[in-house]
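Here the protein sequences line up with chains H and S, keeping their order.
FYI, my numbering numbers position 239 of the first sequence as 239, with every residue one higher than the one before it.
FYI, my numbering numbers position 138 of the second sequence as 138, with every residue one higher than the one before it.
Bear in mind the hints are in silico, worked out from the structure with no lab data behind them.
Beta carbons: idealized from backbone N, C-alpha and C, even for Gly.
Just so you know, not all the hints are guaranteed correct.
[Unchecked claim] Pair ranges (Cβ atoms, derived): (1) E262(H) with M1(S): 53 to 63 Å; (2) A331(S) with S111(H): 35 to 45 Å; (3) V57(S) with I274(H): 22 to 32 Å; (4) E185(S) with V155(H): 41 to 51 Å; (5) Q55(H) with E378(S): 55 to 65 Å; (6) K83(H) with T265(S): 51 to 61 Å; (7) E185(S) with R161(H): 57 to 67 Å; (8) R285(H) with T372(S): 55 to 65 Å; (9) Q55(H) with T246(S): 30 to 40 Å; (10) S118(S) with R161(H): 42 to 52 Å.
[As the list claims (entries may be wrong)] Here chain S is said to cover these stretches of chain H; the calculated rule only asks that three of the stretch's residues, wherever they fall, bring their Cβ under 8 Å from a Cβ of chain S: (11) 66 to 76; (12) 145 to 156.
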Amino acid sequence: MAMKLKDVSREEHLSLGNLACAGCPEMLGFRHTLKVLGKNTIVINATGCLAVVMQMGVPKVPHFHVLFENAPAVISGIDDALKAMGKREDMNLLVVAGDGGTADIGLSSLSGAIERNQDFIYLCYDNESYMNTGGQRSGTTSFGARTSTTPIGSVTKGEDRPPELKKDMVEIVAAHHIPYAASASIGYPLDLMEKVQKAAAVRGPSYIHCHSPCPTGWGIDTRDIVKVAKLAVTTGCIVLYEMVDGVRKVTKKVSKRKPIGEYLKYQSRFKHVIGDEEAIAEIQRGVDENFEAMMAKMSA
Amino acid sequence: MNIIEAIGGRELFTQGDVACAYGALLGGCTFFAGYPITPATEVAEAMSRLLPKIRGVTVQMEDEIASISAVIGASWAGRRAMTATSGPGFSLMMEGIGYACMTETPCVIVNVQRSGPSTGQPTEPAQGDMMQARWGSHGDNELIVLAPNSVQECVDLTRLAFELADRFRNPVFVMTDGEVGHMREKIVLPAAEEIDIRPRPAPSTPPGEFVPFKAVKGKVPEMASFGTGYHTYVTGLTHKESGLPTTDNAEEHTGLIRRICEKITDATDELTRVEMDQDDGATVGIVSYGISSRSAAGAVRLLRAEGMKVSHLRLVTVYPFPERVIRDFAAPLSRVLVPELNLGQICHTVREALDGAAAVEKVSKIGGEIITPDEIVEAVLSSGEPVKV
């Protein structure tokens, strides 16, 4: 049953006012996620933007900012302790982390928690770099993107990891035989919220990888954030899908993909490739290959 | 492209973090591995821009454990290698640092100290990792610890750190802080023709006769990098001179650990760099290091302007701790004040060195602002009453 706008709770679990950059999509997605999970939720937050912007507008639920690398390990302690005390029922444990905290420094911690079958929802906001420290590359940075550690110069031309080698977090957790995993985007809030709902219903680990374009780090006009997030999906850069007990299904079908240039042109991190047909073709080739490979994995 | 061309000139106005990157290049560094962390990220960013121009490599690793590990690997592969971090990352690196001590791996670690513990105040300066620098990794080991107080010294001491790392085959720390790291000052670099960087020398004996962990110069063995035709076996286990592990022999263990510690402590006088500003007849003195030494120098000027006699000793090398110099400095003194951006760390080491010869008082400040000269003046004038700044 697809979620409808009228199904969305009017209750807010995030206080007004925070120090996030204007147009921050992470705050948007976090707010939507809390609407689904409700007040019986404990948030465990890996170090990242979310941890430092919470100086005024904090969630109305317990919020536990831990270290950069250890959120899933901390949640393991909470999960097992609550279980031992018989208090685990009707409680959502939500990890919120960025791509650095998930795909890089926190990967082993996440792997361990899934392997132990801990009961938690892991929400990764992927803005494809370390934005809290000023925009360094991460394991999910897109090919060709300028970051402060992949500069554009006479030798280096932005991120040089080929597109097909970008870490695919959903498939990494899939390899752990996780009961529920999905990709999502802040551009499609109902799709995200429906996935959060399904994740919460799982007894055991669940993982949602939410694509989250960053106005500050990517150089996007704040008014274009949602547009860029949608373009990531309609160009096929991001495939929105879910995997339930190993069966993958696309949740947002894109019949005719837009050319990748449509997505790149709004982002100053790709300014150096705008007008460079050869470079854009290289990026397009990577997107096409990834898209085809993803589609081949889908059941129906 | 030569180093000065890569940097873009000899006279520059820049910040301490970037200056550490320049100093590294001048010290022959061609490999940097790091992980983003405030307030040290600019070192990695500068290395990302600079190293590709001189056929060096900057790698962004997945965390700080990986960063120090890649540096160790690169060092054994024959490169002069560095990482840069701040408190939380420094904590993660501790096991690797101990491994580097045990395997006698030359490497340089810049710690742009921020206010802790834990995530603390990421953008604010502190000097709270000084004890960790010396004692953070488990077991007995010795570290060489330098503390710059200016942007120029970030260049000079990082450059020096590479020389010392190679010479003593040991990790060398450059302990700056968020203030020195982010402040901007003028620096002057040497002329391109004055820069003489040579590869790490090969062992003086041929491969067949080479004993990898046998001390030859003083207590330091020669290093045979991988791929140079020498057989090496490297392990963090206690090992014989051959490099092969030996884990149940007290004599072998004692010999090895005493040697890797004494190769540093025996050279204390040679490694000691201080700035001594003694006032004849003074009975009060200040021992300082890093950013707080600039405030201390300011306090000394203010006190002398008021007609007070006061001496000042600034430690540029903090470890190996220059005990003899401190004792000489304090001989005519009855009080020694130690201003630090922590709740008291190096003051303990000073007190231990003086062993009652003079009263040692801490001037502590935390919270993210540096100590002001006025605050040190107040502490000096308070005649021994502990001052909370």
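Here is how each hint holds up against the structure:
1. E262(H) with M1(S): 53 to 63 Å: With a Cβ separation near 38 Å, E262(H) and M1(S) fall outside 53 to 63 Å, so the hint is violated.
2. A331(S) with S111(H): 35 to 45 Å: violated (59 Å)
3. V57(S) with I274(H): 22 to 32 Å: holds (29 Å)
4. E185(S) with V155(H): 41 to 51 Å: violated (29 Å)
5. Q55(H) with E378(S): 55 to 65 Å: Given about 32 Å between the Cβ atoms, the range is violated.
6. K83(H) with T265(S): 51 to 61 Å: This hint holds: roughly 52 Å between Cβ atoms.
7. E185(S) with R161(H): 57 to 67 Å: violated (37 Å)
8. R285(H) with T372(S): 55 to 65 Å: With Cβ atoms ~59 Å apart, the hint holds.
9. Q55(H) with T246(S): 30 to 40 Å: violated (55 Å)
10. S118(S) with R161(H): 42 to 52 Å: Violated: the Cβ-Cβ distance is about 32 Å, outside 42 to 52 Å.
11. 66 to 76: holds (count 3)
12. 145 to 156: holds (count 8)
Taken one by one, the earlier hints fail for this structure at numbers 1, 2, 4, 5, 7, 9, 10, listed in ascending order.
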